[in-house]
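In order, the protein sequences belong to chains A and B.
Okay, so the first sequence: first residue is 0 according to numbering that gives the first Met the number 0, each after it adds one.
Okay, so the second sequence: first residue is 0 according to numbering that gives the first Met the number 0, each after it adds one.
Keep in mind that a hint or two might mislead.
Straight-line distance between alpha carbons at most 25 Å, and here's what the computed DSS-like set of lysine-lysine pairs gives [as the list claims (entries may be wrong)]: (1) 130(A) - 170(B); (2) 170(B) - 104(A); (3) 130(A) - 122(B); (4) 112(A) - 130(A); (5) 181(B) - 112(A); (6) 122(B) - 107(A).
These are computed hints drawn from the structure, not numbers from a lab.
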Amino acid sequence: MSAITLKDIRKSYAGGPQILHGVSMDIQHGEFIVIVGPSGCGKSTLLRLLAGLDPCEQGELLIDGKRANDLPPQDRDIGMIFQNYALYPHMTVLENIAFGLELRKVPKVERLKRARSVAETLQLTSYLDRKPGALSGGQRQRVAMGRAMARDCSTFLMDEPLSNLDNALRVAMRTEIKDLHRQLGATIIYVTHDQTEALSLADRVAVMKDGHLQQFDTPDMIYDQPVNRFVAGFLGSPAMNFVPADCIDDWGGERNIDVGFRPEALSLNRSPVSGPSITARVVLTEMTGATFIVHCESEAGRLSAVVARGEELPHEGDTIWLSLDPSQALCFDAISGVRLDLPVMHHSQMPKTHVKETA
Amino acid sequence: MKPENPFLAVLALAAGLLFLSPVLYSIWMSFQTADAYYTGNIEFTFHNYEMAIGQYNFARYLVNSVIVSGLVTLIGLAVATCAAFAFARYTFPGSNLLFGAVVATLMIPSHITLIPNYLTLAKAGLLDTYAGLVLPAVSNGFAAFFLRQYIRGIPRALDEAAYMDGASPLKVLWRVIIPLSKPAILSMGLYIFISEWNNYIWPLVAIGREDLYTLQIGLARLYRVNPGEDIIDWPLVMAASTITILPVLVGFILVERHLIRGMMMGAVK
Numbered sequence: 000m001s002a003i004t005l006k007d008i009r010k011s012y013a014g015g016p017q018i019l020h021g022v023s024m025d026i027q028h029g030e031f032i033v034i035v036g037p038s039g040c041g042k043s044t045l046l047r048l049l050a051g052l053d054p055c056e057q058g059e060l061l062i063d064g065k066r067a068n069d070l071p072p073q074d075r076d077i078g079m080i081f082q083n084y085a086l087y088p089h090m091t092v093l094e095n096i097a098f099g100l101e102l103r104k105v106p107k108v109e110r111l112k113r114a115r116s117v118a119e120t121l122q123l124t125s126y127l128d129r130k131p132g133a134l135s136g137g138q139r140q141r142v143a144m145g146r147a148m149a150r151d152c153s154t155f156l157m158d159e160p161l162s163n164l165d166n167a168l169r170v171a172m173r174t175e176i177k178d179l180h181r182q183l184g185a186t187i188i189y190v191t192h193d194q195t196e197a198l199s200l201a202d203r204v205a206v207m208k209d210g211h212l213q214q215f216d217t218p219d220m221i222y223d224q225p226v227n228r229f230v231a232g233f234l235g236s237p238a239m240n241f242v243p244a245d246c247i248d249d250w251g252g253e254r255n256i257d258v259g260f261r262p263e264a265l266s267l268n269r270s271p272v273s274g275p276s277i278t279a280r281v282v283l284t285e286m287t288g289a290t291f292i293v294h295c296e297s298e299a300g301r302l303s304a305v306v307a308r309g310e311e312l313p314h315e316g317d318t319i320w321l322s323l324d325p326s327q328a329l330c331f332d333a334i335s336g337v338r339l340d341l342p343v344m345h346h347s348q349m350p351k352t353h354v355k356e357t358a
Numbered sequence: 000m001k002p003e004n005p006f007l008a009v010l011a012l013a014a015g016l017l018f019l020s021p022v023l024y025s026i027w028m029s030f031q032t033a034d035a036y037y038t039g040n041i042e043f044t045f046h047n048y049e050m051a052i053g054q055y056n057f058a059r060y061l062v063n064s065v066i067v068s069g070l071v072t073l074i075g076l077a078v079a080t081c082a083a084f085a086f087a088r089y090t091f092p093g094s095n096l097l098f099g100a101v102v103a104t105l106m107i108p109s110h111i112t113l114i115p116n117y118l119t120l121a122k123a124g125l126l127d128t129y130a131g132l133v134l135p136a137v138s139n140g141f142a143a144f145f146l147r148q149y150i151r152g153i154p155r156a157l158d159e160a161a162y163m164d165g166a167s168p169l170k171v172l173w174r175v176i177i178p179l180s181k182p183a184i185l186s187m188g189l190y191i192f193i194s195e196w197n198n199y200i201w202p203l204v205a206i207g208r209e210d211l212y213t214l215q216i217g218l219a220r221l222y223r224v225n226p227g228e229d230i231i232d233w234p235l236v237m238a239a240s241t242i243t244i245l246p247v248l249v250g251f252i253l254v255e256r257h258l259i260r261g262m263m264m265g266a267v268k
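Isolated chain A, as found in the complex (with noise of 0.2 Å):
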């Protein structure tokens, strides 16, 4: 049985305009779902209704099989952390991991007990007397997340808890998100904005984008055989590249599509090369640590591609040849974004008649 089943899921609040259009999706137990889009997509909106923050008037939400959507928030076994953390400010870092407890009526030795052990599991056992005002981001985060494990719960509802750390500490508390899924064994469903997040935390990734659902898969296939332009162009750093087919020099296979490739795809060549390739001048490198990324400017519009470092770097105004591998790139109808399983060919292995012809 499917720990969450989410079936047409719709939502417009009184006035505005619809912010779920539809969205199905059918989560196991113990996975770790991400949910991720561009701000607005409605990802927050469809936590919220997990959470039974908002009601879920329209479509079927099944927790453990059963139906939900008029369960209210305290009796639907999950936990909640929120985006600004949302720390009772009153209360000692040991009262907010234990409050959770108190409001079931667990005894006080008890949730004492589990409230220390939870602490220590997030090493805040030197902070359980402090105030939420006594801490430092990462601190707080931790005693967010504290809460919402001392109750035990099924679920947990992240809604984007690492966008208020920085860099360092926000790929450090990403580590520990990861650990403590396994440890816990529970069902994790993550909302963020941030796609590095989304690929290296997710067994499964939500695509989601003005409030529909795009895909939802295992990070790999997102990453290779995204359904349409918008998720190949989201998920990705830097973004794909997109090309008209016609702009692409010796290509060799269906015109009328744009071509989608990664920057990593791409090879520089300082002079014109055989096979499919693009003409661009650069206009800007880029070191972002192991590698160089390279701007270049093209009659198909701006590209970036992914240079070694230790490998010559062109010079910004230098024209160069992008040589792309047909066989990593994905095609996409130029009108609708939809990909299309087209068989992208060398020109080598057209037929002649049709190489003339595209020449």
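Chain A is already provided as a structure; the job is to place chain B on it using the hints.
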């Protein structure tokens, strides 16, 4: 805190003394005998206090004032806090209209409600009772409005976190909203207490029994304790006044210590 400008410090001190001087003078006068006061001599005595408390029953009035003001404050705060929480957090059909009606009560002068309130309590048989003094004052539109504005400033995420933790709406109010609204509730409590403590008209109208008099009524009676005599015993009046202001002053000093700022620090980023 060191004042930047010594001139300002002197000015502030002078202004403070100016405001305090009538109070200090009345306290000083309360320890003088009437004869000494009228002849311009200085003669220290506790006699005025003994008279006020003993002969003029101010101990009883003080107890009455404490009971009435205390009950009005406690019940008034409870009613206003619940109303404020509902208005701040819930939208229900007619909620805006109802809130508008609550705010509109602020625009009605209390004297206009004097006769209707009197008639209502007379019918209910509550004149000359503590309930008759307390009940008309417990619904306070200003307190509901003030607390509602304050509660709206508390992040809703805290309520939601408590709901997720398993709290009912009443638990959210009791365990989250009230502790976080402590500065506002205490300020409002002090305001209600002082207003009720100083209330003169309603106790005058609603109470005829001497044993239910509040301090303000008792104080007013001191002006006519010696009918036929033109001389008012000012040192006695000042002693009674000092008894009247002292509890409020102590209450203010006690509550002021709790009106701490920064309760919201660290709640949300």
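Results of checking the hints against the structure:
This hinted pair checks out: residue 130(A) and residue 170(B) have alpha carbons roughly 21 Å apart, not beyond 25 Å. For a cut-off of 25 Å, the pair hint linking residue 170(B) to residue 104(A) stands: about 13 Å separates their Cα positions. About 53 Å separates the Cα atoms of residue 130(A) and residue 122(B), which puts this hinted pair outside 25 Å; it is violated. A C-alpha spacing of about 19 Å is found between residue 112(A) and residue 130(A), which places the hinted pair at or below 25 Å, so the restraint holds.
For the hint linking residue 181(B) to residue 112(A), the alpha-carbon distance of about 30 Å lies beyond 25 Å, and the restraint is violated. Distance hint between residue 122(B) and residue 107(A) is unfulfilled; the C-alpha atoms sit about 51 Å from each other, more than 25 Å.
The structure shown violates the earlier hints numbered 3, 5 and 6.
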